[in-house]
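Protein chains in written order, with our numbering: chain A, 1 to 143; chain B, 144 to 286; chain C, 287 to 367; chain D, 368 to 448.
By construction, these hints were calculated from the structure, which means they are not laboratory data. One or more of the hints may lead you astray.
[Stated by the list, open to error] To give a feel for the contact side, a few chain C residues facing chain A, derived at Cβ under 10 Å: (1) Leu292; (2) Asp299; (3) Phe330; (4) Ala340; (5) Gly355; (6) Glu357; (7) Ala359; (8) Val364.
By construction, the Cβ of each residue, glycine as well, lies at the ideal position given by its N, Cα and C atoms.
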Amino acid sequence: MTARITSEPIDPEALRGAGAGDGAELLFLGVVRNHAEGRPVRGMRYEAYGEMAERVLAEIVREAEARHAVSRVAAVHRVGELAVGEVSVAILVAAPHRDAAYGASRFVIEQIKRRLPVWKHEHFADGASRWVAGVPLAPESAG
Amino acid sequence: MTARITSEPIDPEALRGAGAGDGAELLFLGVVRNHAEGRPVRGMRYEAYGEMAERVLAEIVREAEARHAVSRVAAVHRVGELAVGEVSVAILVAAPHRDAAYGASRFVIEQIKRRLPVWKHEHFADGASRWVAGVPLAPESAG
Amino acid sequence: MDVDILFFASYRDLTGTPGLRLTLPPGATVEELVRTVRERGEAFLHLPARPAVAVNHTVVPHGHVLTDGDEVAFLPPVAGG
Amino acid sequence: MDVDILFFASYRDLTGTPGLRLTLPPGATVEELVRTVRERGEAFLHLPARPAVAVNHTVVPHGHVLTDGDEVAFLPPVAGG
Numbered sequence: 001m002t003a004r005i006t007s008e009p010i011d012p013e014a015l016r017g018a019g020a021g022d023g024a025e026l027l028f029l030g031v032v033r034n035h036a037e038g039r040p041v042r043g044m045r046y047e048a049y050g051e052m053a054e055r056v057l058a059e060i061v062r063e064a065e066a067r068h069a070v071s072r073v074a075a076v077h078r079v080g081e082l083a084v085g086e087v088s089v090a091i092l093v094a095a096p097h098r099d100a101a102y103g104a105s106r107f108v109i110e111q112i113k114r115r116l117p118v119w120k121h122e123h124f125a126d127g128a129s130r131w132v133a134g135v136p137l138a139p140e141s142a143g
Numbered sequence: 144m145t146a147r148i149t150s151e152p153i154d155p156e157a158l159r160g161a162g163a164g165d166g167a168e169l170l171f172l173g174v175v176r177n178h179a180e181g182r183p184v185r186g187m188r189y190e191a192y193g194e195m196a197e198r199v200l201a202e203i204v205r206e207a208e209a210r211h212a213v214s215r216v217a218a219v220h221r222v223g224e225l226a227v228g229e230v231s232v233a234i235l236v237a238a239p240h241r242d243a244a245y246g247a248s249r250f251v252i253e254q255i256k257r258r259l260p261v262w263k264h265e266h267f268a269d270g271a272s273r274w275v276a277g278v279p280l281a282p283e284s285a286g
Numbered sequence: 287m288d289v290d291i292l293f294f295a296s297y298r299d300l301t302g303t304p305g306l307r308l309t310l311p312p313g314a315t316v317e318e319l320v321r322t323v324r325e326r327g328e329a330f331l332h333l334p335a336r337p338a339v340a341v342n343h344t345v346v347p348h349g350h351v352l353t354d355g356d357e358v359a360f361l362p363p364v365a366g367g
Numbered sequence: 368m369d370v371d372i373l374f375f376a377s378y379r380d381l382t383g384t385p386g387l388r389l390t391l392p393p394g395a396t397v398e399e400l401v402r403t404v405r406e407r408g409e410a411f412l413h414l415p416a417r418p419a420v421a422v423n424h425t426v427v428p429h430g431h432v433l434t435d436g437d438e439v440a441f442l443p444p445v446a447g448g
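Whenever a hint applies, use it, and build me the whole structure from the sequences.
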């Protein structure tokens, strides 16, 4: 189980590592895009509530492992200033069968977007910038 | 567009390459497992009808590009003797949004299993071996 | 009792501060804390009346009762990934 | 007319050969070719009566009419990925 918030560039290859019982590995990378709603973007600043984000990301990874027949889930989220093309989030799933790999990967990215205390500040090419509209957090049932 | 049958080990990193408009990259790897239906496996020999497989794989990749809003799809299938842990198939999708990336990736692997003229010969740890039961091909509507 | 308050992202921009320490009567709830913060005036009134609030890294309902030394974070809608 | 026949994977093991060349009457269909191949005897009778067949790299119905020089492949159920 790997769940990490980092200010260093993410090396996706370093996350790999299927076991001998695995038949599928799936690597998802979120990448900073050069546009948002039709406007040219030159970069993005990611901010996290670090301690809470590490706890929530670990919870999401553990839930993915509990809900899907996977052997390994690793998720890393970047913070700081990112240029277009840089990796903001990487999710690696290894599993005996592909169904579980796709299911767990999708679960982790959707939950990250819904629950991780991370915000992004978009820098437009014309010099303007703004906080990206997000998803309101709801009280956690357990905890 | 990349669609290739190869007897060389697959380097997944070499397939990567998101464009500046992409927000998601998804890499699927099929890996030789150490078991099949509960029996220990020590390796697998993949055989392809080379010319036809390259044509069908290119068709599958083009269909994925037509059905999903993706910017890049690459698929490589390995043939020959593979040890446990070796990559048999790699599928890379880059797309502006993650929905299309997951959709196209899943489409390509499912179609490969249904349509690609490839067969695998399982080597069990006890020395026995057999052809893996497969999916009967149906006549192609176009062509 | 004293609690440490943190403002993240757009809430930090709105209030002009990353955080502050507040003294509250024992037994105060999150709801009371939010009201107290907004009553500090102008900039703090830009905060929503019912923001998501985490106490010691867990998002809680506004009826949650605070304890001395709690870390209370005001969390704007999230946009990770 | 002459056609080149290929046997892959388990079909190659069943027949004991990767392929052979066959001379057929003009206008012969895939169905007639399959029958001719199976009538060669013992080993070839292990092939199914209605295998998937590709002509020049495309899977065709058994009513497909063959042409001189066609490459005709007998394809077992596939198991790629």
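- prompt: Which hint numbers does the structure go against, in order from smallest to largest?
  reply: 3 and 5
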